[in-house]
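*Asks:* The chain contents come next:
There are 2 protein chains.
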Amino acid sequence: MTYRIFDAPDLRDWLAQRPDLSERLGGEAADWTIREVSDGNLNTVFLVHGPAGALCCKQALPHVRVAPDWPMPLERALYESRYMRAVAPAVTGLMPELFAYSPDLFLLVMECLTEHEVLRSALIADRVTPGFSAVIGSYIARTVQATGWVSQPFETGAHLLEQFSGNTALTRITVDLILTDPYRVCDRNPEPEAGLREDVKALQTDQVLHRAVGRLQERFLSARQALLHGDLHTGSIMLDGADVRVIDGEFATMGPVGFDCGLYLGNLALHLCAAPHKAAALRAEMLAFWKAFSEDLRSGLQNAGGDQWALSGPAARKELIEGLLSDILRDTAGFCGLEMIRRTVGFAQVADYGLCATEAERLLARQKALQIGRTLVVESASLRSFPDILSLMGL
Amino acid sequence: MTYRIFDAPDLRDWLAQRPDLSERLGGEAADWTIREVSDGNLNTVFLVHGPAGALCCKQALPHVRVAPDWPMPLERALYESRYMRAVAPAVTGLMPELFAYSPDLFLLVMECLTEHEVLRSALIADRVTPGFSAVIGSYIARTVQATGWVSQPFETGAHLLEQFSGNTALTRITVDLILTDPYRVCDRNPEPEAGLREDVKALQTDQVLHRAVGRLQERFLSARQALLHGDLHTGSIMLDGADVRVIDGEFATMGPVGFDCGLYLGNLALHLCAAPHKAAALRAEMLAFWKAFSEDLRSGLQNAGGDQWALSGPAARKELIEGLLSDILRDTAGFCGLEMIRRTVGFAQVADYGLCATEAERLLARQKALQIGRTLVVESASLRSFPDILSLMGL
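Residue numbers (the working numbering), protein chains in the order written: chain A, 24 to 418; chain B, 24 to 418.
Simulated from the structure, these hints should not be mistaken for laboratory data. Backbone N, C-alpha and C fix where the C-beta goes; we use that ideal spot for every residue, glycine too. Among the hints, erroneous ones may be present.
As the list claims (entries may be wrong) - Covered by chain A, per the in silico footprint, the following chain B stretches (three or more residues, Cβ under 8 Å): (1) 241–249; (2) 400–409.
To be verified - Chain A is faced by these chain B residues, among others (derived, beta-carbon under 7 Å): (3) D92; (4) W93; (5) L97; (6) A169; (7) F177; (8) T203.
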């Protein structure tokens, strides 16, 4: 079947011809309800419910959904399916199960998270069960173990490099929108609100900041430590009480582990800027995140049997792990800062600022995010411990 | 044509059917002289001379040439051809020209370097024209510019990661023979001469060394800075007076630039241990190497227009380049040390030790190489300048 953009009837016909999938739905095709819930920037998403169960069907569009004149190669769906298959065994229960991928239709069919809500919306609506960040910390640690050089024969990482380095269309978005555009004059940057114009100009001329961004560009492109989710913000996470799931792995690429950590923390910090009264709760989430991440990584790598560190006895191994964690901490701070800046002034901003009651409050929140972001980026290379990051956030 | 191991008559018939190649040789097939000159560990090599010109034909064998029970995938010839094509425009005149690659026969046909001698043999025979190391320094700097993230849109490096990460058979050799085996009991390690047994045992139990080796394993696997030659020792270089050529790129992989630098310098340092009376000349070669490498890299990267460092103005760019050079310097020292150790006690040792007049001298030379190698590996993380490396070598 050649590619075409599916509408609900197309999807119904296609599912009806796939016994493995229609069996999960149960009943007859006519009994199924199909609802389009497209929400992100890049894809159409349908939820299909039948008498026996439900499916989530996500199809790549040949252009940005919200900007039809911005073309976007369909292959990103292939990379998302590869990502899910590469990490699934390590993160069972922490991401939706992938039931099928159609390479012709660039269509993923996966477990439907009917009761789940996107973390960003849940945070904004104050409907979260505390502790969700520990799951994300654990999730990242487990993906590092499944895909990094310490736990696996080096051929595993080499194969992942081969499989994911072609994901250039989405990595180009990261390189442009996160690592470059906010610091230069660029058509993709939206016109800033009047009160923010000077701050935006400052970002574009700040040589100290640009040098630090340069080092982070270098880390992102050169430091191929493990398979990243690549877009792990609070809109890529869904939760239902304590059940937390990571979705949308289409940005997957081998890269520095601190990139996933930093994007996640950056989005919590953005929420903090917009809702400073939640400082205590967000501080607790950040601490829980790093505790789970670092403890799981420590215990996972202590006896890991990959090629990297194959010679090290227990004491040497401990030191090597702490060295790696220090590198990840510095990267985390830097990428956290970049995320805060780009989500405040760049192409894809966050809804969290909608929490601000007045325009003046929103301006202050954005300025705070830019200030914290800049400090994290510039200071990242000299940070020593996770509390250093919190203190730069005023926590 | 399906793969078979060529002998001279096979090769003659095959060349006769390729007008592009037989034209370079001139005359009739019967006029050509074919001489097998296989010398390395992995391939058969034929030199073909005709009335109009000459060709070098290199065919991959399905096993290690000197160890027929060690199987070796033929695809390494594919990676060598890819390497030559990837770097050729940047290093014109510094490597033989590739005329043809047969993917069926795993056969490369290239420029024949009739008058050239392998650098290692030339060094041993004292037949080198001083200054050859500057060419190698320049060669590495140019390959970094052609394949690294600073000079190119990131898609170039991503494509190289995709193209070369599958070269696992040869990278496995590097991971085992350079990064692991010399520091553990292993069947591939040859029985050391009696006087060296304690030194070999020390390598296998030295926790400080093992931790430093662990950090270098991490650098080799994670730091994907540019396309490496991957085996740049003095046996992979040929010269004829001032005409210096790099050959044998089958180990090519994206990796830390200091790996190529370190292997080259390590082989000069091994020669130094075997022939300490040549200290002044070798010191001059090492200085010339680093001067050419660092100056060419500086000038090449100062205005380079890749994604990495895209924001930096001239002053910030200068600082970023010096930071990168410091990283490369530390890696260079570390990989130099690893190469000295593995070529002294590992599977593939160097002929340079044949220069020692007596067994006692040879033992001393080897012990010196192990001592310098260990110091370079252990101290690498704290080195600041190239003279620091020379001083650890006693130069």
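*Asks:* Which of the stated hints cannot be reconciled with the structure, identified by number in ascending sequence?
*Replies:* 2, 3, 4, 5 and 6
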